[in-house]
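> Residue numbers (my numbering), protein chains in the order written: chain Y, 185 to 712; chain E, -19 to 162.
The reader is advised that the hints may include incorrect statements.
Not everything, but these chain E residues come out facing chain Y in the computed CB check (under 8 Å) [said to hold, decoys possible]:
1) L18
2) A19
3) D22
4) A28
5) P32
6) S81
7) S94
Here are a few chain Y residues that sit away from chain E, every Cβ distance over 10 Å (derived from the structure) [as the list claims (entries may be wrong)]:
8) R195
9) H280
10) A356
11) R370
12) D371
13) A375
14) A380
15) L391
16) A480
17) L495
18) S543
19) L550
20) A606
21) A607
Honestly, the hints are just simulated from the structure, not real lab data.
Here a beta-carbon is modelled for each residue, glycine too, at the ideal position from N, C-alpha and C.
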Amino acid sequence: MIPISQPQMKRLTAVHGWSGVILGLLLFTVVITGTVAVFGDDIARWSTGSSTQRGIDKPIDGIVRNLAERLPLFYLDDIAVWKTDAGELMAFFHSHAENPATGRPDEYGAMFRIDPESGEVLDRNEGFMWKEPWAWDPSALRHFLVDLHVQLYLPDPWGLIVTGILGLLMMAAAVSGFLMHRHMIRDLFVAERPGARLVSARDRHVLASSWSLPFAVILAFTGSFFSFASTVSFPIVAQVAFGGDNEAMARTLFEPPVVEDTRRVRPADLDAIRAKALDKVGGPLTFISIHHYGRADARIHVWHSAADGRLGFTQTVFDGAAGTFLEVKPQVGNKPSMGNTIRTLMWPLHVGDFAGLVSKAVWGALGATTCFVILSGLRRWVRRREEEPLWRGFGRALTVTALGLPIAMLASAWAFFLALPAADPFFWTPFGFVAGALACAGLGLAVRDDGKLRALFWRILAWACLLLPLLRLAAGGTSWAEALARNHGEVLSIDLLLLAAGGLMWWARDRRRAPTVVPQRPTMEPAE
Amino acid sequence: MTGDAPRRSCPSARRWSRRSERSRRRLHRRALVAIAWLAATDPKRRRAFRLPRFQGNRRPRLTLLVALAPAVSLLWAGNGVGLLVLLGTNSVAGWAMAAVSPVRTARATEWLGSAAARVGNTVRTAVEGATGAAGRSTSRIDALERRVAELEAALAAASLGDRTVARLSDYQAAKTQRAGEA
């Protein structure tokens, strides 16, 4: 227990409470979308009707060589090769040019969608392709949900700055809560006391926050790190240490130094490199990047995703001409360091993608716990001030956000499947979310009784979950028989999860009670 | 821990790894049981729900040691993946166990007990039907019913007083005779 004076406690309470009230609803939005985004890859496979792992496990040398022979040298400056969740191979032959839309240097080139079995080119697009997700992301639904979590669908860089600030706010709330709570160990097993009293609301909030505190700090810190990395941290480092030269910074931090040699040579066999990379480090190879393809100074970077006890991504580097293994490259800098170890841990600690579905499920559950902490804290705040109309209105906004956001996310999935056969899902998926959110806000204004509003939201959620698998099937999605025959686990399991969740919500809809009606003369209760 | 170094493994190392994995799982299960024990016997929790004070020896330090043992084992083995999964699982499971009130826990336990008994009865009946043991079971029930009737008669005799003592003596004699025959 840290000794805190009464004025300090008052200030901490103010920081904890007001920071939560001012930005708590936005923070809830980021955390709940993050909880869903943990399963982003699984959602992508479910929505595209496949269960293909993203590892590059088929020969690629012939495919890349054939395409490279037909392209001008400009496009061979950099080549990126990866596999999508739908099982298709992608190859992006590109160089750098100024993007007229942003006025900044960007990657311009030709992107090919390829059948990995036959090597047949299914599609070719040219331009600043990273700005065109329809060309490389098979699931507009996953793309939207992840984008909503990462930058709240706000324009770059404002979305990242907002989510970074929200991460800092979450850390501030966690630390101030830890300092405020004097009996954390003693209260670690005290469940919500009966009677729907003020102390019950406190128990609920304190219990969930005590158990999830370390992970809340980790998730908030890593989330802030990723949000601020490209928007604040790297520009500051570039300015301070490299005199504003971003290229010099990138060379020092991310690119191992290579002596320039522009002679044209026969490129190394990519399949042999793939085999060597697997032998050296193991694990699925998710991304291959080739610099200066066909030149004597070519370098090939192979990305290994977390597996076999590895927590983070690992990168191996090969000579692009001779095909020899050069090194296991640190993510930051060119030598192993403490900074690189911390940087490597950031990603797995934030997304939980390091031990397959088990770690994802644990991280999803931790995200759900954090959602519960935010909502229970805000409910407690409203409960203590519910005589005032302003705070009653805030309580209503809380109900609409807490139940409306899941409805809006389901609405985006509905819009995605409805648009899939004939329209552009990258336009209609966000549209569905906005329509769902507006409909929930409208219901919040129209239905005055809080209990009825909650019951209505739970019914909508239940039906939206129950009918979504049917809509997926009606939109031409993979049938259950086909999924079983082709071993598409995600298709079946997410459908069953939705049906189970819908059934549970329908069963529980009448068991939920509205919060106690505001008393005209409230009875006095102890604050703690 | 972050996997920068290439990994090699031989069959004996794999066998050791499998064995230690099994032992870690066992430790993990024990840790969850330890958390449940700490929750069930926690003095403040029991006070808050007006339950009687736990009478046995709670041994909180030892239980805490059991709860932390898998984390220490994983840390010792340098298994960062396992450690993170364990800490995350324990956080969520600990919250879930503590959040359920003792009243609900009792109700759930009762429901689970009766459900298990129902399932057990159904399975037993099905097995008896399949193996032809139903006849044996019926005769055993008949014997038990006869015994209950005898005991009831004895009880009634005792409550009627001296007049029925003779009848009770007859009953005792019959019982002794039956035991002799057996």
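> Each hint: holds or not?
Taking the hints in turn, this is what the structure says about them:
1. For L18(E), the shortest C-beta to C-beta distance to chain Y is roughly 6 Å, which falls under 8 Å, so the interface hint holds.
2. Among the interface hints, the one on A19(E) holds; its C-beta lies about 4 Å from the nearest C-beta in chain Y, closer than the 8 Å criterion.
3. Hint status for D22(E): holds, given a least beta-carbon distance of 4 Å to chain Y, under 8 Å.
4. The closest approach between the C-beta of A28(E) and any C-beta of chain Y is roughly 5 Å, which is under the 8 Å cut-off, so the hint is satisfied.
5. At its closest, the beta carbon of P32(E) sits 16 Å from a beta carbon of chain Y; the interface hint therefore is violated under the 8 Å criterion.
6. Annotation: interface hint on S81(E) holds; nearest CB of chain Y at approximately 4 Å, less than 8 Å.
7. Nearest Cβ of chain Y to the Cβ of S94(E): about 20 Å, over the 8 Å cut. The hint is violated.
8. The non-interface label for R195(Y) is consistent with chain E: the shortest C-beta to C-beta separation is roughly 28 Å, beyond 10 Å.
9. The claim that H280(Y) lies off the interface holds: its Cβ sits roughly 29 Å from the closest Cβ of chain E, which is beyond the 10 Å cut-off.
10. For A356(Y), the non-interface assignment is confirmed: its Cβ lies about 21 Å from the closest Cβ of chain E, beyond the 10 Å cut-off.
11. Distance check for R370(Y) against chain E: the nearest CB is about 6 Å away, which does not clear 10 Å, and the non-interface claim fails.
12. Annotated as non-interface, D371(Y) brings its C-beta within 10 Å of a C-beta of chain E; the closest such distance is 7 Å.
13. A cut-off of 10 Å between C-beta atoms contradicts the statement that A375(Y) is not in contact with chain E; the least separation is 4 Å.
14. For A380(Y), the shortest C-beta to C-beta distance to chain E comes to about 13 Å, beyond the 10 Å cut-off, and the non-interface label holds.
15. Its beta-carbon lying about 6 Å from the closest one in chain E, L391(Y) breaks the requirement of being farther than 10 Å from that chain.
16. The claim that A480(Y) is not at the interface with chain E holds, since no C-beta of that chain comes within 10 Å of its own (minimum 27 Å).
17. Not every beta carbon of chain E lies more than 10 Å from that of L495(Y), the smallest distance being close to 5 Å; the non-interface claim is violated.
18. Not every Cβ of chain E is farther than 10 Å from the Cβ of S543(Y); the closest lies at roughly 5 Å, contradicting the non-interface assignment.
19. Residue placement check: L550(Y) does not keep its beta carbon more than 10 Å from all beta carbons of chain E (closest about 6 Å).
20. With a cut of 10 Å on Cβ distances, A606(Y) stays outside the contact zone with chain E, its closest approach being about 42 Å.
21. No beta-carbon of chain E comes within 10 Å of the beta-carbon of A607(Y); the shortest separation is about 40 Å.
Checked against the numbered hints listed earlier, the structure breaks hints 5, 7, 11, 12, 13, 15, 17, 18 and 19; every other hint is satisfied.
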